[in-house]
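Student: For this one, chain A is given, so just place chain B on it according to the hints.
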Amino acid sequence: AQSVTQPDIHITVSEGASLELRCNYSYGATPYLFWYVQSPGQGLQLLLKYFSGDTLVQGIKGFEAEFKRSQSSFNLRKPSVHWSDAAEYFCAVGLYSSASKIIFGSGTRLSIRP
Amino acid sequence: NAGVTQTPKFQVLKTGQSMTLQCAQDMNHEYMSWYRQDPGMGLRLIHYSVGAGITDQGEVPNGYNVSRSTTEDFPLRLLSAAPSQTSVYFCASSPYERYSNQPQHFGDGTRLSIL
Chain A
1 AQSVTQPDIH ITVSEGASLE LRCNYSYGAT PYLFWYVQSP GQGLQLLLKY
51 FSGDTLVQGI KGFEAEFKRS QSSFNLRKPS VHWSDAAEYF CAVGLYSSAS
101 KIIFGSGTRL SIRP
Chain B
115 NAGVTQTPKF QVLKTGQSMT LQCAQDMNHE YMSWYRQDPG MGLRLIHYSV
165 GAGITDQGEV PNGYNVSRST TEDFPLRLLS AAPSQTSVYF CASSPYERYS
215 NQPQHFGDGT RLSIL
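As you go down the protein sequences, you meet chains A and B in turn.
Mapping of the first sequence onto my numbering: position 6 corresponds to residue 6, and the numbering continues sequentially without gaps.
Mapping of the second sequence onto my numbering: position 9 corresponds to residue 123, and the numbering continues sequentially without gaps.
Chain A with its partners taken away, still in its complex shape:
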């Protein structure tokens, strides 16, 4: 069955430090992959997406993610975090080669240490 795993429930990093959030997926075909961010009390905002082509994708707010087929991973990175990056981050995979029907990981909550 298709699934998305985010192994880290909660991560705390210092402001200015680098960040990597892990995401592993299980899907037989070529996946459509997404990272969304949710600030407290808000809806979800798309950070970036991967469909095909270059395996390193750039998103908004200085985030990037790298698709590694051999590891079934799509980890999110940022070289230097800001206090405003504190939020919950969700990895998701689109099913049936479509961005419409997607399933989400359980999320990683990011806290920023001043």
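These are calculated hints, taken from the structure and not from any lab test.
Some hints could be false.
Ranges between beta-carbon positions, derived for each pair [claimed, not checked]:
1. A/45 / B/142: 18 to 26 Å
2. B/184 / A/20: 37 to 45 Å
3. A/79 / B/191: 40 to 48 Å
4. A/1 / B/197: 26 to 34 Å
5. B/167 / A/84: 40 to 48 Å
6. B/141 / A/58: 19 to 27 Å
7. B/129 / A/66: 41 to 49 Å
8. A/70 / B/134: 42 to 50 Å
Just a sample of chain B residues kept apart from chain A, beta carbon distances all over 12 Å, derived [said to hold, decoys possible]:
9. 128
10. 130
11. 132
12. 133
13. 167
14. 177
15. 178
16. 184
17. 185
18. 186
19. 187
20. 189
21. 194
22. 196
23. 228
24. 229
Here are the simulated DMTMM-like pairs of lysine to aspartate or glutamate, each with C-alpha atoms no more than 25 Å apart in a straight line [claimed, not checked]:
25. A/49 / B/222
26. A/49 / B/144
27. B/123 / A/88
28. A/61 / B/222
29. A/49 / B/152
30. A/68 / A/20
31. B/128 / B/152
32. A/49 / B/140
33. A/49 / B/173
Glycine included, C-beta positions come from ideal geometry on N, C-alpha and C.
Tutor: Just chain B now, with coordinates in the frame of chain A:
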């Protein structure tokens, strides 16, 4: 502003009451969906629709009904609310095409408490 509008934003119900959560989008998107978000479980798909008159079940459909009479609206009905349905509900929409690369747009959510 264009987007996905959910109403109400907050609601408290008693066990056994019925309720309809409203969702409307003005982007002419074919695909609409409902998710529930619970702590530690991410977002789980309840029901979805690929166009007017067409709906299907997601991962957790029990206790919920949907209909899609127009492209714009996709209401979610709880016929007899249960405490296990206490959650935050999100509606989303997107264009629907095979190999579509248009991601979903999400509403701001409805926070529902069942007492």
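Student: Minimum Cβ separation between residue 229 of chain B and chain A greater than 12 Å?
Tutor: holds, 21 Å
Student: Going straight from one Cα to the other, do residue 128 of chain B and residue 152 of chain B come out at no more than 25 Å?
Tutor: holds, 19 Å
Student: Please test the hint of 41 to 49 Å on the beta carbon pair from residue 129 of chain B and residue 66 of chain A.
Tutor: Holds: the Cβ-Cβ distance is about 47 Å, inside 41 to 49 Å.
Student: With 12 Å as the threshold, tell me whether residue 185 of chain B passes as away from chain A on beta-carbon distances.
Tutor: holds, 14 Å
Student: When you check the alpha-carbon spacing of residue 61 of chain A and residue 222 of chain B, does it fall within 25 Å?
Tutor: Roughly 20 Å separates the two Cα atoms, so the pair holds.
Student: If I take the minimum Cβ distance from residue 184 of chain B to any residue of chain A, is it greater than 12 Å?
Tutor: Since the minimum Cβ distance to chain A is about 18 Å, residue 184 of chain B lies beyond 12 Å and the statement holds.
Student: Run the C-beta distances from residue 128 of chain B to all of chain A and say if the shortest one exceeds 12 Å.
Tutor: Consistent with the label, residue 128 of chain B stays out of reach of chain A, its closest Cβ about 24 Å off (over 12 Å).
Student: For the pair we were handed, residue 49 of chain A and residue 144 of chain B, check the Cα-Cα distance against 25 Å.
Tutor: holds, 20 Å
Student: For the hint 42 to 50 Å, verify it against the beta carbon of residue 70 of chain A and that of residue 134 of chain B.
Tutor: holds, 47 Å
Student: Could you say whether the range 18 to 26 Å given as a hint is met by the Cβ separation of residue 45 of chain A and residue 142 of chain B?
Tutor: holds, 21 Å
Student: Evaluate the condition: distance from the CB of residue 130 of chain B to the nearest CB of chain A exceeds 12 Å.
Tutor: holds, 28 Å
Student: Can you confirm whether the C-alpha distance between residue 68 of chain A and residue 20 of chain A stays at or below 25 Å?
Tutor: Holds: residue 68 of chain A and residue 20 of chain A sit about 14 Å apart, inside 25 Å.
In this structure, every one of the numbered hints holds.
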